[in-house]
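Asks: So the protein sequences, as listed, match chains W and U.
Under the working numbering, the letters of the first sequence match residues 1 to 336, in that order.
Under the working numbering, the letters of the second sequence match residues 1 to 337, in that order.
Mixed in with the good hints, there may be bad ones.
Unchecked claim - Where chain W lies over chain U, by a calculated footprint (3+ residues, C-beta under 8 angstroms):
| id | stretch |
| --- | --- |
| 1 | 135-149 |
| 2 | 233-247 |
| 3 | 279-290 |
| 4 | 293-301 |
What the hints assert, rightly or not - Computed far set for chain W versus chain U, every beta-carbon distance over 10 angstroms:
| id | residue |
| --- | --- |
| 5 | S41 |
| 6 | T72 |
| 7 | D74 |
| 8 | I81 |
| 9 | N83 |
| 10 | L103 |
| 11 | E104 |
| 12 | R147 |
| 13 | V190 |
| 14 | G239 |
| 15 | L287 |
| 16 | G322 |
To be clear, the hints were calculated from the coordinates, so they are not data collected in a lab.
Ideal Cβ positions, reconstructed from N, Cα and C, are used throughout, including at glycine.
Here's the letter readout for the chains.
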Amino acid sequence: MNQYLKTSGLFVAAVVSALGMASQGAIAQDGKSITTVVKISGIPWFDRMETGVKKFAESNPEMNIVQVGPATADSAQQLQIINDLVAKGTDALAVVPMDPAILEGILKRAMDRGTIVVTHEADNQKNTMVDVEAFDNSAYGAAMNVRLAECMGGEGKWTTFVGSLGSRTHMQWVGAGEENAKQHSGMVLVDPNNESFDDANGTYEKAKEILRKHPDIKGFQTSAGNDVLGVGRAIEEAGLAGKICLVGTGLPNPSAAYLDSGAITAIGFWDPQKAGMAMNSVAKTLLAGGEIVDGMDLGVEGYESVSVKQGPGDGLLVFGNGMVLADKDTYKDYLF
Amino acid sequence: MRKLDGNLVLLVTLFAVLLVAGGLLSGGTYLSLFNLQSMASQVPEIGLLAIGVMLAMCAGDGGIDLSGIAMANLAGVASGLFAMSIFPVDEAPVLFTVTFVIGCAVVGLIGGTLNGLIISRLGITPILCTLGTQMFFTGVTVVLSGGRAVRIGTPEPLYEIGNGYVLGIPISFLMFIGVATLLGLVLRHTPYGVKLMMTGSNQKAAEFSGFARARIVTTTYALSGLLAGLAGLIIAARNVNVKWDYGTTYLLIAILVAVMAGVKPEGGYGRVINVVLAAIILQLLSSLLNFVGLSNFVRDLAWGALLLCFLFVNRFALVEHFDALFSSKRDPHASKN
């Protein structure tokens with residue numbers, strides 16, 4: 001018995017003191033708090049978003065603004081974090097849902113409790129006050145496909161990647177891409193909607209499989225931030241850089257080498273930094289009791305004049321104008 | 001008299017310490033009724049799955065159930081689609097809910113029985129069998145739902161199961177405690193429970209003693225499946241929607257909880273109350289870390305450290321058992337080592 005008590009006592013003392021050190025400053029601050037919850041932390045896309053959240057925090061020192069996210073891509077883990085944050089009493093949540101459907105219940109409970117809820121990349125979320133989108137999703141998907149079709153010369157086999165089948169925006173992009181491809185009778189869609197789970201290694205393996213199955217494939221349109229890296233690597237290793245077209249969502253910095261080698265034709269993106277700031281800006285406005293109206297300036301580049309529509313629930317849909325398509329020659333203008 | 005359960009002592013101590021630490025670090029919000037309710041309503045999903053893993057481990061012969069969360073998602077999706085095809089959610093909410101609840105249990109039982117039959121009749125190693133059925137269940141769920149989330153809707157009775165309270169305690173948590181208590185009693189006081197532990201401790205001896213080993217193993221995995229089905233029910237009731245890839249991390253967490261609770265991976269020993277406490281402690285710890293605002297990578301680290309700590313302490317218990325061999329009579333549960 002003494003043995004257990006001693007051991008557990010020591011362990012517990014260590015844990016408590018570690019937590020004590022970590023919590024200094026995290027809880028002590030007064031003022032309203034906005035917590036941004038991302039799909040998964042530690043990947044370039046959401047690291048970039050965090051720079052935006054930090055920037056916003058710097059310009060609003062009186063508020064307690066942080067970003068958190070699960071260590072693994074699992075909607076259950078994200079759900080748990082949001083549960084705890086609501087219980088903790090965060091004043092506003094800015095959420096990038098892994099799977100909007102799974103979060104409906106908790107976001108409703110959050111709003112019932114008086115928490116401000118803002119979402120991003122979830123224009124079908126019913127239980128949100130404002131969903132912020134960087135641009136109109138159909139236009140973005142179509143624009144990527146126009147670029148892909150141009151590179152493919154309007155013919156050949158092509159396929160699509162999405163983060164997950166539940167990722168609504170990704171499905172919209174490839175859907176709009178498919179619509180656009182119908183203008184070119186020579187373009188044949190094969191094995192569409194491969195799920196990447198935003199994992200570059202997994203995508204690489206899947207892309208290799210596709211290259212083996214369809215040696216004559218000509219194009220890839222990808223969606224999640226890491227997909228271009230996985231597919232680009234597979235294309236480059238197969239010695240097909242410049243011969244196969246790859247257009248997808250990606251960040252300039254990680255994609256630079258593949259853009260230079262020609263493995264990636266072009267990347268499309270919106271700046272997650274700006275999106276993170278826009279979400280927080282909306283949350284701040286709502287916290288202050290303000291309203292979001294058509295043509296409003298959120299004070300963030302690309303969101304100077306947003307268009308506002310009625311969302312699927314009681315909330316609003318806010319579109320910015322933050323689309324960027326960059327290739328070999330232009331990506332250096334956007335290095336981040 | 002029963003010997004002192006070192007693992008239980010440690011769990012209870014940790015439970016108390018985490019509550020106190022949480023209260024101190026958060027300035028009280030951690031102990032607010034809302035947060036206690038919020039944490040309690042998060043425990044049942046993982047707790048039910050962990051008890052399932054415990055049962056499988058107790059059955060011995062490398063017993064484990066990897067198909068738990070896949071089974072839970074399948075139960076939610078299949079039963080949801082079935083119930084919706086019979087009763088319109090809005091017009092017959094009670095009938096719908098009853099059908100859905102029974103459906104979840106039945107799907108879980110069938111899936112668990114399938115596991116049990118493959119393991120006991122075909123002699124396939126549990127880890128391989130349940131890995132296979134895990135993929136199979138996931139596949140069926142994807143096909144049934146087309147890969148999308150299935151909206152179960154929120155008829156009043158079902159919503160109550162997931163989000164309602166009785167005397168301030170979440171109904172899902174009460175269900176979990178009820179099921180756990182029942183199972184704890186069954187394991188301790190029925191012939192099935194005793195035979196399960198005996199079989200897990202020493203299969204050969206059990207077989208030579210005339211135990212129907214195949215039936216015991218099948219029942220055990222069927223129970224594990226039933227628990228997963230109930231977890232599926234609670235997931236659906238809480239989240240309104242069910243989806244095939246929900247809770248992919250639960251698989252390992254459930255095993256973590258079982259091992260933390262002192263369940264012997266080689267079979268023959270495990271207590272339900274320890275598993276319940278271990279699940280609650282894991283929830284307390286992860287909520288505490290979220291409260292403090294630490295990165296979720298730290299949470300993985302903390303869980304790992306916790307697991308190692310428990311293995312370490314349990315190891316000491318083994319040493320004590322060894323000592324006890326020379327001085328007094330042995331605990332029948334500790335037949336190994």
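Asks: Look at each hint and say if it fits the structure.
Replies: Do the hints match the structure? See the list:
1. 135-149: Since three or more residues must qualify, the claim that chain W covers the stretch 135-149 of chain U holds, with 3 doing so at under 8 angstroms.
2. 233-247: holds (count 8)
3. 279-290: holds (count 5)
4. 293-301: holds (count 8)
5. S41: Given that some Cβ of chain U is not farther than 10 angstroms from that of S41/W, nearest at about 6 angstroms, it is violated.
6. T72: Violated, because the least Cβ-Cβ distance between T72/W and chain U comes to about 5 angstroms, which does not exceed 10 angstroms.
7. D74: Its Cβ does come within 10 angstroms of chain U, the nearest being 5 angstroms, so this is violated.
8. I81: violated, 6 angstroms
9. N83: violated, 5 angstroms
10. L103: violated, 8 angstroms
11. E104: The assertion about E104/W is violated, with a minimum of 5 angstroms to chain U.
12. R147: Its Cβ never comes within 10 angstroms of chain U, the nearest being 27 angstroms, so this holds.
13. V190: Check passes; 18 angstroms lies beyond 10 angstroms.
14. G239: Since the minimum Cβ distance to chain U is about 34 angstroms, G239/W lies beyond 10 angstroms and the statement holds.
15. L287: With a cut-off of 10 angstroms, L287/W remains clear of chain U, as the shortest Cβ separation is near 19 angstroms.
16. G322: Holds: least Cβ distance 28 angstroms, greater than 10 angstroms.
Of the hints listed earlier, those the structure fails to meet are numbers 5, 6, 7, 8, 9, 10, 11, in rising order.
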